[in-house]
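Trainee: This is what each chain is made of:
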Amino acid sequence: MPDLGPHAAFIWAAYGVTLVAVVALVVVIVSDDRRQRRLIAELERQGLTRRSAKAATAKAATAKTSTAKPAASAKPKSAPVKTPRARKPKA
Amino acid sequence: MSSAVALFRRDVMLAWREGGTTGTALGFYLVVVAIIPLGLGPDLNLLSRIAPGVLWVALLLASLLSADRIFHNDYEDGSLDILAMGPLPLELVAALKSLAHWVTTGVPLALMAPVLGLLLNLPIEAYPLLMLSMLAGTPAVSFVAAIGAALTLGLRRSGVLLALLVLPLYVPVLIFGVATVSAASVGPASPWPPFLILCALSLASLVLAPIASAAALRTAMR
Amino acid sequence: MWNLANPTQFLSIADRIIPWLAGLTFLLLGIGLYLAFFVAPPDYQQGETVKIMFVHVPAAWLAMFGYTLIAAASIGSLVWRHPLADVAAKTAAPIGATFTFVALVTGSLWGKPMWGTYWVWDARLTSMLVLFLLYLGLIALWQSIEEPGRAGRAAAILAIVGFINVPIIKFSVDWWNTLHQPASIFRAGGPTIDPSLLTPLFVMAAGFTLLFVLLHLIAMRAEILRRRVHALRQMHVEHAAAA
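Residue numbers (this note's numbering), protein chains in the order written: chain A, 3 to 93; chain B, 14 to 235; chain C, 502 to 744.
Honestly, I wouldn't trust all of these hints.
Have a look at the derived ranges for each label pair, beta carbon to beta carbon [as the list claims (entries may be wrong)]: (1) B:G167 to C:Q510: 32 to 42 Å; (2) B:L27 to C:Q510: 47 to 57 Å; (3) C:P668 to B:L59: 30 to 40 Å; (4) B:G167 to C:L680: 38 to 48 Å; (5) B:G52 to A:A26: 29 to 39 Å.
Here are some chain B residues pointing at chain C (derived, C-beta under 10 Å) [claimed, not checked]: (6) L164; (7) V179; (8) L221.
Calculated from the structure, these hints are not laboratory results.
We put the beta carbon where it would ideally sit given N, CA and C, even for glycine.
Could you build the full structure based on these sequences and the hints that come with them?
Mentor: Have a look at this one:
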């Protein structure tokens, strides 16, 4: 280790704080990312994909006069997921 | 124009009739300034040196006390929606409400400050500029407080959150306000340059803050 | 920029970039640390403590970069309604706040051997402290508003108001500082930094900047997925209710 002079403790402390802060930040962000990816994978496994939402929307669009509840409730929820512009109110 | 005046007068009347918004702010101001010497010791030299800063900081805190009230009552009973749809632009509504806050909170605090200056042994030469600087700076305080009030409309713990959001924005007003009073009491620098900057800050916030307040009100009401 | 407007496209681009970016980031940081500790000479005035500059200055730079990024994203969100803008603003705040914190602490630790005290109200540190408070306000506002649409718009307004105020605050703090501290403050390496100190500084700054971008991309990906999870769950509930 290089000799850091009489104030070595401050130098080590500064780098130490930086390291701890950066590591904490990385851990928090990466673990949150992993958690979300896991949750999405689980939901998709349960068959709840955006494709199925798209299909439900397509069905509701063609059956305009249909007042079926699943189609009607799927439509407003899936539309924001579909296109970026429609995502505006959701985001 | 008459609807603007009517709105302003209504807000001022409501604040006064609500009983205690002005009084509470003044009381809080008194309490804070009174306990400072109890915390720091009665050394009059020390107190006179810190007096400008203490008077200004306590003023900011006392102003923030009543800030979350600016839009709250109208938001709760739906009047804000009506005002938003009315003939006055929302920016003007926000400006008028900020002005009402200034008249019912800022001005009384500014006028009371010299009395509290006595408690802190503020040099007598500083008194005129103390009041002048506070009358010039409190519009900025009220108008910026309205931005915070609009952003935190209807939220829990909005009072504390409002203070957290708004106090960093008060740094320039605080610095130049205190500098004005310090220069007047200690010298040798002239108090007028920081005073003019303080006036500029107030004028700028008079124009710009209502834009942000109105935008924030729209997000809260959507 | 507009190719990234579609969240799905953003996710696929992010998935591809992130591993490479991670490798490059840690490579640069590794080189920077090596240069800092084994190559950079001691400063003729400050001795070895000048090495703190290699973390303090990049952290301070990223603190300001982060807030500028948030302000730009806020304008994109309010004015152009860019779909990912509020995701960008929300996720950048904790990262920027962390770097601000690092800048403050390393600045304080640098100050003790230099000026004899852990905290000095010099213009730069004071401005950095106010910036930290602005970050905290943004994060607090995001946490306090439950409806994400309103939270995004309110935070955007606050970010822009804060950004406009930053030069005013900086000016007032500078002015205040000259009023109260007529003695000149010891600046890092004197008025000009020797080139032998500049290279480690730039490498560390580049490494830290890439780290910011890397963490920001990962956080944005997580936030987009979080919103999708939420939307899918809501759909699930409604399908179950309708069935």
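Trainee: Hints first: check each against the structure and report whether it holds.
Mentor: Against the structure, the hints:
1. B:G167 to C:Q510: 32 to 42 Å: holds (36 Å)
2. B:L27 to C:Q510: 47 to 57 Å: holds (52 Å)
3. C:P668 to B:L59: 30 to 40 Å: holds (34 Å)
4. B:G167 to C:L680: 38 to 48 Å: holds (41 Å)
5. B:G52 to A:A26: 29 to 39 Å: holds (36 Å)
6. L164: L164 of chain B check passes; min Cβ-Cβ to chain C is 5 Å, inside 10 Å.
7. V179: Holds - the Cβ of V179 of chain B comes within 10 Å of chain C, reaching about 8 Å at its closest.
8. L221: It holds, given that the least Cβ distance between L221 of chain B and chain C is near 8 Å, below 10 Å.
Of the numbered hints given earlier, the model fails none.
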